[in-house]
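Starting from the known structure of chain D, fit chain A onto it as the hints suggest.
Quick mapping for you: the protein sequence lines, in order, are chains D and A. Counting with the working numbering, you get residues 1 to 290 for the letters of the first sequence. Counting with the working numbering, you get residues 1 to 341 for the letters of the second sequence.
Take the hints with a grain of salt, since some may be wrong.
Computed list of chain A residues with no C-beta within reach of chain D, every gap over 10 angstroms [as the list claims (entries may be wrong)]:
id: 1; residue: Q51
id: 2; residue: G75
id: 3; residue: D325
Below, a sample of chain D positions facing chain A; criterion: calculated Cβ distance under 8 angstroms [stated by the list, open to error]:
id: 4; residue: L81
id: 5; residue: M95
id: 6; residue: M96
id: 7; residue: G113
id: 8; residue: P278
id: 9; residue: I281
Keep in mind the hints are simulated off the structure, nothing from the lab. Treat the numbers as computed from the prediction; the structure is a model and nothing was measured. A virtual CB, placed ideally from N, CA and C, is assigned to each residue, including glycine.
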Amino acid sequence: MLAQLLISGISVGCVYALVALGMTILFRATTIVNFCHGEFFMLGAFGVLVPLQLFGWPYPAAIATSLALLLLVGSMTERVLIRPLKNAPFVTLAMMTVALSFFLRGVSRFFYGREVVPLPPLVTGDPIELGKFAMLFPQDLLVISFTAVVVVLLAIFFAKTQLGKVIQAASQTPRGASLVGINVPLLRNVMWAAGAFMGAAAGILIAPSTLVHPDMGGTMLIRAFAAMCLGGFGSLPGAVVGGITLGILENIVGGYVSSSLVDITAYLVIVIVLVLRPQGIFGEWRQGRA
Amino acid sequence: MPEMATAHAASSAGGGVLAIEHRQHRQRLIALALLVIALLVLPLGLNNYTQFVVNTMLVYCLVALGFNVIIGYLGQLAFASAAFFGVGAYAAGLSMARLGLPFPAAILVGAVSGAIVGGLVGLPALRVRGHYLAIITLAVGELLRWCYVHMDSITYGPGGFTLPPMHVMGLPLTDRTKYYIFLLCAAIAIGMTSMLLRSRFGRAFAAVRNNEQAAASLGIAVRRAKVLAFAWSGLIVGLAGALFAVLNGRVSPESFGLAQVLFHFAIVMIGGLASVLGSILGAVLLTGAPELLRNFPGSEEVVFSLLLILVLFFLPRGLSGLLADHFPFLRERLYRGGRDA
Chain D
1 MLAQLLISGI SVGCVYALVA LGMTILFRAT TIVNFCHGEF FMLGAFGVLV PLQLFGWPYP
61 AAIATSLALL LLVGSMTERV LIRPLKNAPF VTLAMMTVAL SFFLRGVSRF FYGREVVPLP
121 PLVTGDPIEL GKFAMLFPQD LLVISFTAVV VVLLAIFFAK TQLGKVIQAA SQTPRGASLV
181 GINVPLLRNV MWAAGAFMGA AAGILIAPST LVHPDMGGTM LIRAFAAMCL GGFGSLPGAV
241 VGGITLGILE NIVGGYVSSS LVDITAYLVI VIVLVLRPQG IFGEWRQGRA
Chain A
1 MPEMATAHAA SSAGGGVLAI EHRQHRQRLI ALALLVIALL VLPLGLNNYT QFVVNTMLVY
61 CLVALGFNVI IGYLGQLAFA SAAFFGVGAY AAGLSMARLG LPFPAAILVG AVSGAIVGGL
121 VGLPALRVRG HYLAIITLAV GELLRWCYVH MDSITYGPGG FTLPPMHVMG LPLTDRTKYY
181 IFLLCAAIAI GMTSMLLRSR FGRAFAAVRN NEQAAASLGI AVRRAKVLAF AWSGLIVGLA
241 GALFAVLNGR VSPESFGLAQ VLFHFAIVMI GGLASVLGSI LGAVLLTGAP ELLRNFPGSE
301 EVVFSLLLIL VLFFLPRGLS GLLADHFPFL RERLYRGGRD A
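This is chain D alone, in the form it adopts within the complex:
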């Protein structure tokens, strides 16, 4: 049983990691904690659901539409809501993302408030037997391998490419970066789009195994926070390790202790980590703009 719990824990943890990664790259690039990232995640799932069911589009077209849509949503969010407030204190920016999250949630509740809808599976096929006790479902395999690819690409991007280094420089000293000719607002815009894109990708990946509903973002946001706190706020490897650890922890708690505790594992992790070791595992402790 343990092996099976570990596998499903890693799979669900990969989704947490993806959501947390989206928030982390945005936090690193802009020092904004995005409270509406959960809603990007939810919109990603709805963006697939609506063309699929209402217009009868094929799956790949629906996914492409959803991802493109979320790139636009992320970019518009930065341009319309965040950029005009660039001199505002941290609280105002956080409030703005909170307000946007409730707005997006309200809009989707207006259309889909009374029903929860499943998405058809992304991949079909027989589960793969791993040894005697564990099975790997194709869906899990897809999630895990997609996350691995994203993590590797991001690592290469930030460590090796020119643009990745420019983005880090721009987040460390925005003024200095603009002085040497880096277009900081444009970069921030791109990072918002990229963050929303990653949130949507995670939403599309998990939607077939959960249900699509307006409140799916809120719970995911808390889990992403827990992953980030656990791994260390603002640390990319921290987000991945934290997400996967949280997924495994939830499954083990659910399997061995009580299934009702699964829902609060993330909350407990947040409270315990922030009280005892606020810098998390990887210790990139920044107070941020307070």
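For chain A alone, coordinates are given in the frame of chain D:
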């Protein structure tokens, strides 16, 4: 002779100032008396439904007042008000339903439990700040909600529970009686909070908000100020929660979720940060809205979030900031105690 003349002029001028102050004082007393009378006779013009809405407004006035202590005066981003609200409601409701306390005692229990939880939630605020505090308080609120749902043996589980019938001097409690009780509670809470905010402690909150290090260097006990502000916020919001339980006659976990957090935020931000009158204004204006929007799923969230976005863009100091800019004589009333803007 000229000396005498000037002395005379000075004394008469002094007398004039005294007279003006005296007159202003009298005008203020008259205005206050008129307000009290208006509030006391208000129920005569209300039917059962509008009476219920007015009672709800009173409850949310208290919520906004208590929440404003943390977010407006202490300047900490904490999503804890829904948690305090729930604790107050559950503590009051359970002490009536389980222990059989009369409702005035239960209201006290609710307020005190709110204060205790407030103080406890204030402890992490000593270590973490900014968005970390926002996240941890969000987590605490959801943890508490989990407790309401899963600790069936104490809290009656996910369905909530109904309060036993309440009586005042042998008569069952009507909405009108509730109004007078709520009004009394609100008057006491508003009075005491205003006093606290004008005192040494209230000024310490503002100093901590503006610059923690500077405040500490001036000998302000920063940690004590933070815990006190959280506990006071818990007390007032817990009291509001207890009154909320009495108002509805039942308590259930879904009343204290994230939608409640948004509602508290919207009231405080739209009314105006760090303004007691602004909180009252925001609560009165926004409480009527959910009643109008009840029939459309999600429309409440859309309207409140749009209002919030507009306020963040155009009125960063909320309605009370707007009023203070246009009516200078209101400024002092709106921002008594601890506001630097």
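To see whether the hints hold, each was checked on the structure:
1. For Q51/A, the condition that its CB be more than 10 angstroms from all CB atoms of chain D holds, with the nearest at approximately 29 angstroms.
2. The claim that G75/A lies off the interface is violated: its Cβ sits roughly 8 angstroms from the closest Cβ of chain D, which falls inside the 10 angstroms cut-off.
3. For D325/A, the requirement that its beta carbon stay farther than 10 angstroms from each beta carbon of chain D is met, with the minimum near 18 angstroms.
4. Against a cut-off of 8 angstroms between C-beta atoms, the interface hint on L81/D holds, since the closest Cβ of chain A lies about 7 angstroms away.
5. The beta carbon of M95/D comes within 6 angstroms of a beta carbon in chain A, closer than 8 angstroms, and the hint placing it at the interface holds.
6. About 5 angstroms separates the beta-carbon of M96/D from the nearest beta-carbon of chain A, less than 8 angstroms, and the hint is met.
7. With a cut of 8 angstroms, the hint placing G113/D at the interface with chain A holds, because the nearest CB-to-CB distance is about 3 angstroms.
8. Because the beta carbon of P278/D sits about 6 angstroms from the nearest beta carbon in chain A, less than 8 angstroms, this interface hint is met.
9. Interface restraint check for I281/D: the shortest CB-CB distance to chain A comes to about 16 angstroms, outside 8 angstroms, so the restraint is violated.
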